[in-house]
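Visitor: Spelled out, the chains give:
Protein chains: 4
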Amino acid sequence: MISRYSRPEMVQIWEPATKFRIWYEIEAHSCDAMADLGVIPRENAEAVWKAKDVEFDVARIDEIEAVTKHDVIAFLTHLAEHVGSDDARFVHQGMTSSDVLDTCLNVQLVRAADILIADVDALLAALKRRAFEHKMTVRVGRSHGIHAEPTTMGLTFARFYAEMDRNLRRLKTAREEIATGAISGAVGTFANVDPRVEEHVCAKLGLTPEPISTQVIPRDRHAAFFAALGVVASSIENIATEIRHMQRTEVLEGAEFFSMGQKGSSAMPHKKNPVLTENLTGLGRLVRMSVIPAMENVALWHERDISHSSVERGIAPDATVTLDFALHRLTGVIDKMLIFPENMLDNMNKFPGLVMSQRVLLALTQAGVSREDAYAMVQRNALKVWEERTDFREELLADEDVVAALGVEGINEKFDLGYHTKHVDTIFARVFGEA
Amino acid sequence: MISRYSRPEMVQIWEPATKFRIWYEIEAHSCDAMADLGVIPRENAEAVWKAKDVEFDVARIDEIEAVTKHDVIAFLTHLAEHVGSDDARFVHQGMTSSDVLDTCLNVQLVRAADILIADVDALLAALKRRAFEHKMTVRVGRSHGIHAEPTTMGLTFARFYAEMDRNLRRLKTAREEIATGAISGAVGTFANVDPRVEEHVCAKLGLTPEPISTQVIPRDRHAAFFAALGVVASSIENIATEIRHMQRTEVLEGAEFFSMGQKGSSAMPHKKNPVLTENLTGLGRLVRMSVIPAMENVALWHERDISHSSVERGIAPDATVTLDFALHRLTGVIDKMLIFPENMLDNMNKFPGLVMSQRVLLALTQAGVSREDAYAMVQRNALKVWEERTDFREELLADEDVVAALGVEGINEKFDLGYHTKHVDTIFARVFGEA
Amino acid sequence: MISRYSRPEMVQIWEPATKFRIWYEIEAHSCDAMADLGVIPRENAEAVWKAKDVEFDVARIDEIEAVTKHDVIAFLTHLAEHVGSDDARFVHQGMTSSDVLDTCLNVQLVRAADILIADVDALLAALKRRAFEHKMTVRVGRSHGIHAEPTTMGLTFARFYAEMDRNLRRLKTAREEIATGAISGAVGTFANVDPRVEEHVCAKLGLTPEPISTQVIPRDRHAAFFAALGVVASSIENIATEIRHMQRTEVLEGAEFFSMGQKGSSAMPHKKNPVLTENLTGLGRLVRMSVIPAMENVALWHERDISHSSVERGIAPDATVTLDFALHRLTGVIDKMLIFPENMLDNMNKFPGLVMSQRVLLALTQAGVSREDAYAMVQRNALKVWEERTDFREELLADEDVVAALGVEGINEKFDLGYHTKHVDTIFARVFGEA
Amino acid sequence: MISRYSRPEMVQIWEPATKFRIWYEIEAHSCDAMADLGVIPRENAEAVWKAKDVEFDVARIDEIEAVTKHDVIAFLTHLAEHVGSDDARFVHQGMTSSDVLDTCLNVQLVRAADILIADVDALLAALKRRAFEHKMTVRVGRSHGIHAEPTTMGLTFARFYAEMDRNLRRLKTAREEIATGAISGAVGTFANVDPRVEEHVCAKLGLTPEPISTQVIPRDRHAAFFAALGVVASSIENIATEIRHMQRTEVLEGAEFFSMGQKGSSAMPHKKNPVLTENLTGLGRLVRMSVIPAMENVALWHERDISHSSVERGIAPDATVTLDFALHRLTGVIDKMLIFPENMLDNMNKFPGLVMSQRVLLALTQAGVSREDAYAMVQRNALKVWEERTDFREELLADEDVVAALGVEGINEKFDLGYHTKHVDTIFARVFGEA
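Residue numbers (the UniProt record's numbering), protein chains in the order written: chain X, 1 to 435; chain D, 1 to 435; chain U, 1 to 435; chain P, 1 to 435.
These are calculated hints, taken from the structure and not from any lab test.
Just so you know, these numbers come straight off a predicted model, no measurement behind them.
Don't take each hint at face value.
[To be verified] With a cut-off of at most 25 Å between alpha-carbon atoms, the simulated SDA-like pairs for lysine to any residue come out as follows:
| # | chain 1 | residue 1 | chain 2 | residue 2 |
| --- | --- | --- | --- | --- |
| 1 | D | K422 | X | A66 |
| 2 | U | K69 | D | S6 |
| 3 | U | K135 | U | A122 |
[What the hints assert, rightly or not] Just some of the chain U residues that point at chain X, by a computed CB distance under 10 Å:
| # | residue |
| --- | --- |
| 4 | P16 |
| 5 | T18 |
| 6 | R21 |
| 7 | R111 |
| 8 | E250 |
| 9 | P274 |
| 10 | E278 |
| 11 | E296 |
| 12 | M337 |
| 13 | P341 |
[Stated by the list, open to error] To list a few chain X residues with every Cβ distance to chain P over 12 Å, as calculated:
| # | residue |
| --- | --- |
| 14 | D36 |
| 15 | R60 |
| 16 | E237 |
| 17 | A240 |
| 18 | R244 |
| 19 | H245 |
| 20 | K271 |
| 21 | P293 |
| 22 | A294 |
| 23 | E296 |
| 24 | D305 |
| 25 | D318 |
| 26 | A367 |
| 27 | A404 |
Glycine included, every Cβ here is placed at the ideal spot set by N, Cα and C.
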């Protein structure tokens, strides 16, 4: 977790105080369930709730842990300091540390997922707004970095919207993946704790009981969770890359918002660098790197080994905090991004008219010219434009064969931009349900 | 793709002949749709179907490609050799190579997913059968590789079943992720091809039209697909690891089926090595390694660059073929796996009775002993068993404090295995819907 | 291994025939050493060399393996068919399959490394030639994709040279890492085979005896080997990315060589796409993906498990074949790459004179202007150029404060390109040892 | 960076105060060099050293950065607060932020490497001590988790020593890889700063001048650095895995040191869990996950983009801190590890005598029995031992064919353990240079 790439709400999920609070809730709800089942006295269960509004003393728990070398025991000892050791004696009965730890981790991951889902919602709103704003702002589409045919800036935003909308679905699925809890004892057999305790606690915490656990919740769930984060991170890189390209000096079709007071560089005051999207590119890598370790965590030995734990201590906070920050940063970038429609037209006409070549090619074949001949006609005129920067339309109008095939009007008509934007509404309707 | 880790049905999906067949279908259905729209003559569209039963000549297409340096043009040229160049002149009209290539890739991935889904179905059947067979076969549960409490072999199979059942769901989701097609032209604007062509072709091929594409279908879909494969592969490693542990000489609670004719090793004829599950461990790594490149493929430049293509030429066949093989191999291993219930009991009693220590600990606290005292009572007797391999029950019966707290009968009762298996049916019902 | 991204010499290393040939040599040299030691009869050792010129029949060995289920035994059986079973009886004596397999793998990796080293040598030659050719071809240096200060195309080639020269060193180190052999028996104790056999065989094969092996050669060596390949692949991506940027329509400072007969795209004949470098970007990912599995292979169980084997069957040929192809392709790209010096100047002057802003800033502070004031002076003039595309020099000459600080001549002098190229020779001398 | 897996010395390298200190040194040495060259006044250069013993105020610098949005400018502003703005005016002249940032990063990485090298040295000492201690402690070697032939515990330690010794070499090479500095200006041309400044600063900081840089030092160096860390981490996993296996209940040939006061588990007091080595397994994954992002960082756009920066803010501290902690923890584990030689013998004799089967097989063929017959003889007796746990030697003595071939004495002699340890000294001499 890198503090400059962190937001407080997500960071807070991973703080010791939050963890202890969740542990407390798990233990307290467990006591209730055990009291319902007659396993422990009702009054002890009720007494545990005396600590309901306590802020647990993290330093004190650490102090106890330094002696006991066991975090859950340290917590329980501290809890007893609040509710009285007599009342606390039935707390955690029949349970295993992992019942608490693993259920807690999933509560934290669910909360993290909720923030991420809200982040994507905000990003979607920004993308949608910009998409409609620039629905008909024409710019050249590029394949291989080379001009192809006209498209619109709105379509660019719309496809990022569609991609992030898929990510929203993936995050929701990921949230479901890890929204389970387990209170099933040392090897998952419920030998010392009734399955109804698990059911009660899970219901209270908004989780589903893990159908079958061992000492731990199976780690394929977490692997799928982090894999989803990795896909979202890759989409962030995708959007960031587009903006970085737009902002490069020669292209300059868009730019991250630049406040004049900001110093872009210590030495070159005029430089408006796409540092946020470059940063997002790197943050994407940081999130993505958690995927493989999460997958390596799946194969635990028998009913559990603890190799996954240190990995998760790293990647769970790091990947969620970084992704939250990145989504939020990206939303800001999209929201305030500068768009330069004139530059878009200038760029498109760098080789005047050449982006219409495919349409001309098609028209020629439709007019009965063979594919090979049509290809040759387009190519010979296109190369002139390429090499001498003449105007493609004029070259065609001066080419007898082309005029013979398409007519003067037929040629002129091919340079109508409306031809390329005629289905934008159709696509918007598909993406947004409206156009 | 490693031939010894390949099965023909999956390999066949990735053969050139299959690819050309799918290309043909895309082109032919496109012609139909264009004829419906009046864009091309009906008779030309119909003529294309003359090639319906043709097996395309891969060598001939390669020959043409060597000249044209373009695979789709080579194919179209070859197609014209079958349907006549006059009838073929409208084929591919307004389309871009990627319309064909990308839609084809997704058809292949969908078919691959279908095989993988069937593979997991078969694996689930094997796991379920073995789970019920050994529902009550007691063995010791282990955390950290250390004996914890009794569980059953059926629970082990059941949790692998539950994990693979989640993987089934993930594969189905993954299949949906890539079950889209796009025929949207050079930059995805449908400038030269009507969206209804895409709709028709997708309907015929069992795909959904990609709501918004560029020159290509967005690669976050493929990233999610390969990520799902990576999770499945990690689960294979998980199961394989369990079996490898079971088979090690000191444990020997199970083994891969061993036919006596087979030579286990050139030098040690008696060695029954878990080579299949070790192999599966490696295959898991091979599948998993496709996840990161698939994610790196997401950030294409503008409306596409072709960097993803070489990656997919590698990972699409390799990951699906390897995973298919691995799932099939694992199913065979599970199906025929040898289980040694007697060794399970022997192992559990390596330190006689010690696996019951948690239960005793709990009973002591329930009997009113403080946590610390209970802990000390259990520990002092447990250590004797650990060091001298005496019997834990007997040690407890000889410990005045323990007898005072639990009584003789109370102590004996703690060693009843039924205590640990009493919820197996509950868990089976959760996992299988029956027990 | 993808056939279109393969070259025969490297592919041949990984063919079964090559493998069997190496096995044969290991066995035959072992026999010699054992005869020297008096362990087996000299005449049997000599007889084995009867097969010296035999091309082993791969199909026949496969046939035998189908029965014996063991590849080395199959080979030995086939070998006996050539040298007679009586003479062959001492072959492989005291050895373990892994002695042969692992030593063979390293021979193959060493050969692969030799090809890769030669590939990098060829690439270095091309880079050096182009570097000197364009030593003083000025173009704008860019940070964040934004114009910074002038540099030269020769420096670009020179830094790729320096990077690839480091990669050469890394490949040589990697070659050393895996240039070891082991003939140490089932668990590496030399119980059944004298260490001098290992020494003799290694000497004959150009390997060093592995100081301590188990059944296998330790896999940290292979991990380091594949890691080196991953770094080289990342450098390929680096160079490829530069060229892709240079070729994009708006930049067009360079391009992959384009033969006019080639069809760049089915629909847009004028498009000259950087498909080779895009392809190289993808190939880089394919090579790099072998790094993590190679590292996961390090932790084998006890004296070996065979999980690494399937991984290496995949990554050893795939990564080396792909990297060989990629290096060769890149060499061709560099060798024939088109450079457009005029476009470089045009681009540099997109915002006329602005690339000199840092120099002006520095001059102002050196002339006694405070950092803040200098910054403001540069910024106000720079912004005009940025927004109105006026000429920076003229703006400065019209700015009283600037003229007051630097004088007219002082301003003009700041726009001398020689200022930026004055240390090119120094740098070339550092990189190439000559300038 | 996870605080519980951190050690102060390494953490300190990555603290802001350290960074600012290094920045200061770079700037101050630069001023000296510029004064030597007559570029700035000597008294200003000297004045900068007034801050030599200043502890820079991190909070104050952060405060300034909040306004300037630029870290280096913030630092320089703060520096001016110490040395006076007049004397500070020539600081950083002609330099670019990256000159400071990148050179600083490499100083930090070099220091980190030095700690890691010392860590490995300490680990080597522990491994060597334990290797000699248990040079002749016999235990069974295992392939595939199955008993193979006898080896010694000393050989196990010795091979870990050899592996870590290779890692030592790799770390030293990695240290060299990143022991370079660059003060070459905005695009690496030295336009505004003389190369001799770079030379002076690098000499003072123990670095080599980067032969050719852009705005930044090339990232293939850092990729190679992190790759080396990934290999070391994988070796840690390798050693940890061995110990985890040794400690599992059924094997119990060794164990992490266990102090009786420590509570191994909240519920099972007798459990001595290998939690340190399990933890190390996870830490290995955490270190390894930095390799791919470091490689993805290599391909920066043109003369630099800043995508690498956020990645390095994460992985540079995280990977070095975690690896330092892991190496130190592993050294402690090795140092205090419990070894149980009696259990080793017990395990080896689980199937009495069977580990000698290969030797018997070999003896039979040497006695003139055909490979197939020898194989059959060994196999039939071995299977009896396997199934009925009889004694292999006795079975052989009761097998007429075997007795006929080897004689009674010949059979007995095959069960001499000295046969398997006879080359231990040879191997030790190879590894340690002494035996």
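Visitor: Any hints this thing doesn't respect? Which numbers, in order?
Guide: 1, 4, 5, 6, 7, 12, 13, 16, 17, 18, 19, 20, 21, 22, 23, 24 and 25
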